[in-house]
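Please model the entire structure based on the sequences and the hints provided.
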Amino acid sequence: GDSVTQMEGPVTLSEEAFLTINCTYTATGYPSLFWYVQYPGEGLQLLLKATKADDKGSNKGFEATYRKETTSFHLEKGSVQVSDSAVYFCALPPGGSEKLVFGKGTKLTVNP
Amino acid sequence: DVKVTQSSRYLVKRTGEKVFLECVQDMDHENMFWYRQDPGLGLRLIYFSYDVKMKEKGDIPEGYSVSREKKERFSLILESASTNQTSMYLCASSLPGRGSYNEQFFGPGTRLTVL
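Protein chains in written order, with the numbering used here: chain A, 25 to 136; chain B, 8 to 122.
For the record, the hints were derived by calculation from the structure and aren't laboratory data.
Quick caveat: nothing in here was measured; it's all calculated off a predicted structure.
From the three backbone atoms N, C-alpha and C, an ideal C-beta is built for every residue, glycine too.
Take the hints with a grain of salt, since some may be wrong.
Which chain B residues face chain A? A few, computed with CB under 8 Å, are given here [what the hints assert, rightly or not]:
| hint | residue |
| --- | --- |
| 1 | 47 |
| 2 | 49 |
| 3 | 114 |
Partial chain A-side listing against chain B, Cβ under 7 Å, derived [claimed, not checked]:
| hint | residue |
| --- | --- |
| 4 | 67 |
| 5 | 68 |
| 6 | 128 |
So, in structure tokens, the structure goes:
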């Protein structure tokens, strides 16, 4: 079935470092793709999304491009801050359904 | 500001107790979801409701039931709590449809401990 695989981490970076969190997907067709973020002690919130191939989603300095050739949706940020410390989840709707299936999450810690 | 609220942030219960977790959304969404989140396992779907009184089992429904009597409220019920149900429980809602409509809005979570 449709699924996402993301690097599991944890990832530890210094402030202002470049961030990449890898996400690859398996799906029939071209589903929408999502990145969610979970800050400590909170629920998930949508970070960015892309609804078709070659779309780039962006928000708060984060970007991800929907690449059908490599079935990937990697999350990037050029200069991370301490406040970006969180768990990041990649997700897609399986089989074109109204549900979402999530990756296992990648914990990011940014040190000053 | 759109909102999904959950009745408790932290809950401690005893083995064998009946536990109710409540979720309310103010966005008039048709779809509502219950997940549990465990370290190393990510989010796993327990139940999904696509309309009042309608429900669908998710990936791990055993030991749980749900109730949706009103559109805005979706309850998760642990009929007889067990220690392996100690977890973070997350509720979410979304509009019907696909593509961009798959975006889900999450509550803050309830951390349940079963002793």
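Chain A contact restraint for residue 114 of chain B - C-beta distance below 8 Å
5 Å, holds
Should the hint that residue 128 of chain A touches chain B count as held when the rule is a Cβ pair under 7 Å?
Because about 4 Å separates residue 128 of chain A from the closest Cβ in chain B, which is inside the 7 Å limit, the hint holds.
Given residue 68 of chain A was flagged as interface, is its beta-carbon under 7 Å from a beta-carbon of chain B?
4 Å, holds
Does the nearest C-beta of chain B fall within a distance shorter than 7 Å of the C-beta of residue 67 of chain A?
Cβ of residue 67 of chain A sits 4 Å from chain B, so the hint holds.
A closest beta-carbon separation below 8 Å is what the hint needs, so does residue 47 of chain B meet it against chain A?
Hint on residue 47 of chain B: holds, closest Cβ of chain A at ~7 Å, below 8 Å.
Hint residue 49 of chain B vs chain A: min CB-CB distance below 8 Å?
Cβ of residue 49 of chain B sits 4 Å from chain A, so the hint holds.
The structure meets every hint from the earlier list without exception.
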